[in-house]
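For the protein sequence lines, the chains are A and B, in the order given.
In terms of the working numbering, the first sequence opens at residue 2 and continues consecutively.
In terms of the working numbering, the second sequence opens at residue 360 and continues consecutively.
No lab work stands behind these hints: they were computed from the structure.
Glycine included, C-beta positions come from ideal geometry on N, C-alpha and C.
A hint or two may mislead.
Unchecked claim - Pairwise CB distance ranges (calculated):
1) B:ARG410 / A:ALA147: 40 to 48 Å
2) B:GLY402 / A:PHE107: 45 to 53 Å
3) B:LEU412 / A:SER141: 16 to 24 Å
4) B:SER382 / A:GLY24: 19 to 27 Å
5) A:VAL34 / B:ALA388: 23 to 31 Å
6) A:ASP23 / B:ARG410: 45 to 53 Å
7) B:SER382 / A:GLY56: 20 to 28 Å
As the list claims (entries may be wrong) - In silico contact screen, one side only, chain A against chain B (beta carbon under 7 Å); selected entries:
8) PHE33
9) GLY35
10) PHE107
11) LYS125
12) GLY132
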Amino acid sequence: MATIRVQREDFDVGQELAALGDGGQVGALASFVGLVRGNDADGAIAGMELEHYPGMTEKSLKAIVAAAAGRWRILDALVIHRFGPLRPGERIVLVAVSSAHRGDAFAACEYIMDRLKTDAPFWKKETTAEGRRWVDARASDEAAAARWLD
Amino acid sequence: MSIEILYFAGLREALGVDRETVSPPAEVATIGALRDWLVIHGGRAALASARNLRCAVNQEMCGFDATVQAGDEVAFFPPVTGG
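So here's chain B without its partners, still in its complex pose:
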C-alpha cells in the first residue's frame, strides 16, 4: 500500500524532509503503527523523540489510533501556533 506522508515546521527541519511516499506492510493499520514503522524501518527517529507530536489523515486532525489505508495523505507536525 502506498501512503503519502507530510512533515511540517520543526519536525520537517529535524527530519530534513518535507514529504515522502512509503509502502508499509498491510499490518500497519493505524497512524501510531505507521509512526513506529517509520521510526524503525524508515530511519525517522525524530518522530519518536518529538514532544506532543500531532497528526492528521487526509487533512483532518486525528488521534494515533486512527486507521490508515492505501492512498491516504498522512501528516505529522508539532502543536500548531497560528493566529
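Extracted from the complex, chain A is given alone in its bound form:
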C-alpha cells in the first residue's frame, strides 16, 4: 500500500485521483495540491529550484505515510513531490488518501502534509528581483507538525 514518487515531471491530478479511487472500496478521497506561489512577504518570485536528498526523501515519505496508516483507517495513499526548476503556478506536491469515510481521509492527508513540511529533505531556492536565495524554514510549519505529536 501507498505510492511515493519523487520526480522532475508534472503530474495529472485528475488521473492520479481516479486511479486511487478505483476498486469499489473507497468512500472518501482527500487530496492536497501544493503550488509555487508567485510572491512572498518580500515581493515577486520569478521561479524556484527544489533540491532533495535522493534515497532519504523516499524513505522519509514512506515512514510518514506508514505512521498515518497506523493512526487512521486508510485504504491507500499517494505522495508525489517534484524537484528541479519550477515556475509560479506550477504544481509541487500532491498528497492523496483514500478511506471508507471522510474523517480518516481528511486527517491522514493533513497529517502527511504537515509532517512532509518538517521531515522530508527538500530545500527551496527562490529567484527574485534581488537574486537567488534559500527559503528559510517557517516556525508555523514546525508548530503544525508538532500538533500531531502524541
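Position chain B relative to chain A; hints supplied.
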C-alpha cells in the same frame, strides 16, 4: 573508520562541496563530535556557523548525540523547506 558525508542546499554552497569520505579517529563517536572534528580538522567552518544545522545518519533524521560508526552515511543540512 571511513564515513561518507553529504551536504545539502545552502550548506553545500557555503562549503563548496556536496560529499566527501572522511576517516576520523575512533573517539569521534557521535554526530556532534564528527561535526566538531570536521570544523577543526577538515576546515569545514560553515558547519560551526550554520543556523539550526540538521543532520541524518543512514538517511534518518537524528540528534547530534546520535552515534556514528564506520560505514555510516551522515548528512548535514539546513532545516527543510519542501511541500
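Hint by hint, here is what the structure shows:
no.: 1; hint: B:ARG410 / A:ALA147: 40 to 48 Å; in the structure: violated, 20 Å
no.: 2; hint: B:GLY402 / A:PHE107: 45 to 53 Å; in the structure: holds, 50 Å
no.: 3; hint: B:LEU412 / A:SER141: 16 to 24 Å; in the structure: holds, 21 Å
no.: 4; hint: B:SER382 / A:GLY24: 19 to 27 Å; in the structure: violated, 53 Å
no.: 5; hint: A:VAL34 / B:ALA388: 23 to 31 Å; in the structure: violated, 44 Å
no.: 6; hint: A:ASP23 / B:ARG410: 45 to 53 Å; in the structure: holds, 46 Å
no.: 7; hint: B:SER382 / A:GLY56: 20 to 28 Å; in the structure: holds, 23 Å
no.: 8; hint: PHE33; in the structure: violated, 9 Å
no.: 9; hint: GLY35; in the structure: holds, 5 Å
no.: 10; hint: PHE107; in the structure: violated, 18 Å
no.: 11; hint: LYS125; in the structure: holds, 5 Å
no.: 12; hint: GLY132; in the structure: violated, 13 Å
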